[in-house]
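S.K.: Same order as they appear, the protein sequences are chains A and B.
Quick note: the first sequence, position 9, residue 18 per the numbering used here, numbers continuous.
Quick note: the second sequence, position 278, residue 1134 per the numbering used here, numbers continuous.
Check each hint, because a few of them may be wrong.
Far from chain B, by Cβ distances over 12 Å, these chain A residues were calculated [to be verified]:
no., residue
1, Q16
2, L43
3, R108
4, H128
5, K158
6, E166
7, E214
8, C230
9, T268
10, V272
11, S303
Derived lysine-lysine pairs resembling DSS-like cross-links, with alpha carbons at most 27 Å apart [to be verified]:
no., chain 1, residue 1, chain 2, residue 2
12, B, K1080, A, K232
13, A, K236, B, K1076
14, B, K1045, A, K270
15, A, K201, B, K1105
16, A, K270, A, K152
Stretch by stretch, here's where chain B covers chain A in the computed footprint (C-beta under 8 Å, at least three residues) [unchecked claim]:
no., region
17, 26 to 40
18, 65 to 77
19, 148 to 156
20, 167 to 180
21, 183 to 195
To be clear, the hints were calculated from the coordinates, so they are not data collected in a lab.
Note that the coordinates shown come from a computational prediction; the quantities given were computed from them, not determined experimentally.
Idealized CB from N, CA, C, for every residue including glycine.
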Amino acid sequence: MMEPKYQNLVEYFRAQMRKDPDMASAVAAIRTLLEFLKRDKGETILGLRESLKWATDCLTGEDSSVAVSSGGELFLRFISLTSLEHQDLSRCKKVMEERGELFLEKISMSRTKVAKLCHTFIKDGAKILTHSYSRVVLRVLEKAAAEKKRFSVYVTESQPDSAGRQMAEALRKLNVPVTVVLDAAVGYVLEKVDLVIVGAEGVVESGGIINKIGTYQMAVCSKAHNKPFYVVAESFKFVRLYPLNQQDVPDKFKYKADTLKTVQNLSEEHPMIDYTPPSLITLLFTDLGVLTPSAVSDELIKLYL
Amino acid sequence: MNEEELVEYFRAQMRKDPDMASAVAAIRTLLEFLKRDKGETILGLRESLKWATDCLTGEDSSVAVSSGGELFLRFISLTSLEHQDLSRCKKVMEERGELFLEKISMSRTKVAKLCHTFIKDGAKILTHSYSRVVLRVLEKAAAEKKRFSVYVTESQPDSAGRQMAEALRKLNVPVTVVLDAAVGYVLEKVDLVIVGAEGVVESGGIINKIGTYQMAVCSKAHNKPFYVVAESFKFVRLYPLNQQDVPDKFKYKADTLKTVQNLSEEHPMIDYTPPSLITLLFTDLGVLTPSAVSDELIKLYL
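Given the sequences, and given the hints that come with them, work out the whole structure.
M.R.: Encoded structure:
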């Protein structure tokens, strides 16, 4: 009974990802959950919520990024945040579906909102340093380029998957002068740049971020060189975690989903993400506004209330 | 001895003993060049030796070859050359050259002897890329029956860290290779950081494989001691104030400098670590703080 449902779920999720590679994996996950909600044949609200939680866990097993997990939880909270005192189950479901569509619509606009807020911080002639491949940062730089600003970008190569090269390719298409630097060359190149912009895979309760490995040392070096360190993230990435150091981040986020399933001894594996404490971040640009790290906890609590 | 023979002898020396520092091979080559030189004047001899050093720097662009060659020349000339006979002067210079070579062959052992006591039992050490000096230090510590584990950075673009990991596994030291990007991640787990140096500059800072600078910044942020191990022939007369000040001839490999037009497209191979981030330097002249390095350097070059 469970197997075909699981297969369908994962298949739909993958199809969504393939259809639009520019879409955040969390958005694809939320579409999948909405579809799952529409097709669900449960008889009780409680059963429905349990099924949705189960579906979110399945998707986290497929794509282990923090945003899928937080996005799924926020989706569930949002659709339940309404009066469900109807007599008819199908009416309740309809209300939930409508709210689900509303949620999806809101988050599809979030990247544009973030870009609109952030591009003004990029001055003409700026040299920007960014880390690995982030679609949000790409959107911000697209907007800045569209506003006829001249800037050049340094991207880290970002091992082990060399995602930075993908970012460099995308930036070359925008006719932005881009240089790929080694992960080891971040300290070397920081004296030349004016500002640092990175994306985030997750934003934690303290105002810190979880992002591709290498972000933390970029933040430490930026602080040492007194360069502003900006983070761009959509609000569905706000997650209920409070890590105090690198060890506190749960293993399920640190490694790719297939690594977690196949590998026995995780200490041999390269972690894919690290945690950057809020003290190193200057500002976070989200669709809820431009926030300082301390303001993030307030916004996060409001989201999850 | 013309340029080809010089370079060939240098390469033969490097091949014969891969464990030898390239600067030591360069000094052996210069000594051989001195022996075979057919010049008629002392001044001509010095000019030839300078030319030979430049040739070798064109072959292997590391800072140590350049500084080693200069220190060799200074050392052998630092004697009374008031003899009547040119051949007698040359003999004196050759003897001093042999003495210099002998001293520097012992330097790595001296450094290891000084440094290994700083590695406590159960320590977790972080190191960067492949350094034969650091390897010697860790060998000595392992020989003293200390238990420690090592994290090595992979050190792109040539993955030299993997070579270091191999060598450490042969010593039965538990070693983990980490990504260059994972230095900040792993620093909370380690107790101390030990790196080698390609050159030690006048300010007390070091020039080393790219990635050393950010390792030093992160160590400072985590309050971990950052130790440098270097032999004294690596002391070089440079005073960079930032990364840009390091001359291009040291930043890239020798063949890159010859072939590539636009150096801004190339990945630099080294970076400069300022003295404020270094805790102690272990050299064959003793254990020095970065501020003491300038004194020692001036004494060497006087």
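S.K.: Taking the hints in turn, state whether each one holds.
M.R.: Quick rundown of the hints versus the structure:
With a cut of 12 Å on Cβ distances, Q16 (chain A) stays outside the contact zone with chain B, its closest approach being about 35 Å. At roughly 36 Å, the least C-beta separation between L43 (chain A) and chain B is larger than 12 Å, which holds for a residue marked as non-interface. Every CB of chain B is more than 12 Å from the CB of R108 (chain A) (nearest about 39 Å), matching its label as outside the interface. At the 12 Å boundary, the C-beta of H128 (chain A) stays outside the reach of chain B, the nearest C-beta of that chain being 27 Å off.
Listed as a non-interface residue, K158 (chain A) keeps its Cβ farther than 12 Å from every Cβ of chain B; the least gap is roughly 22 Å. Its beta-carbon lying about 7 Å from the closest one in chain B, E166 (chain A) breaks the requirement of being farther than 12 Å from that chain. Distance check for E214 (chain A) against chain B: the nearest CB is about 20 Å away, which clears 12 Å, and the non-interface claim stands. At the 12 Å boundary, the C-beta of C230 (chain A) falls inside the reach of chain B, the nearest C-beta of that chain being 5 Å off.
Under the 12 Å C-beta cut-off, the non-interface status given to T268 (chain A) relative to chain B holds; the minimum distance is some 14 Å. With a cut of 12 Å on Cβ distances, V272 (chain A) stays outside the contact zone with chain B, its closest approach being about 15 Å. Non-interface call for S303 (chain A) relative to chain B: holds, since the shortest CB-CB distance, roughly 20 Å, exceeds 12 Å. In summary, the hint linking K1080 (chain B) to K232 (chain A) is supported, as the alpha carbons are separated by about 18 Å, within the 27 Å threshold.
Taken as a hint, the K236 (chain A) and K1076 (chain B) pair is honoured in the structure, with Cα atoms around 18 Å apart against an allowance of 27 Å. At roughly 26 Å between alpha-carbon atoms, K1045 (chain B) and K270 (chain A) fall within 27 Å of each other, so this suggested pair holds. Of the supplied pair hints, the one linking K201 (chain A) and K1105 (chain B) holds, its CA atoms being roughly 20 Å apart against a limit of 27 Å. A distance of roughly 39 Å separates the Cα atoms of K270 (chain A) and K152 (chain A); the hinted pair therefore is violated under the 27 Å criterion.
Requiring three or more residues with a Cβ within less than 8 Å of a Cβ of chain B, the coverage given for the region 26 to 40 of chain A is violated, as only 0 such residues are present. By the rule of at least three residues with a Cβ nearer than 8 Å to a Cβ of chain B, the coverage given for the region 65 to 77 of chain A is violated, with 0 such residues. Residue count for the region 148 to 156 of chain A with a Cβ under 8 Å from a Cβ of chain B: 0. That is fewer than the three needed, and the coverage hint is violated. With a cut-off of 8 Å between beta carbons, the region 167 to 180 of chain A has 3 residues touching chain B; three or more are needed, and the interface restraint holds.
Check result for the region 183 to 195 of chain A against chain B: holds, 7 residues qualifying (beta carbon to beta carbon below 8 Å, three or more required).
Hints 6, 8, 16, 17, 18 and 19 from the earlier list are contradicted by this structure; the remaining hints agree with it.
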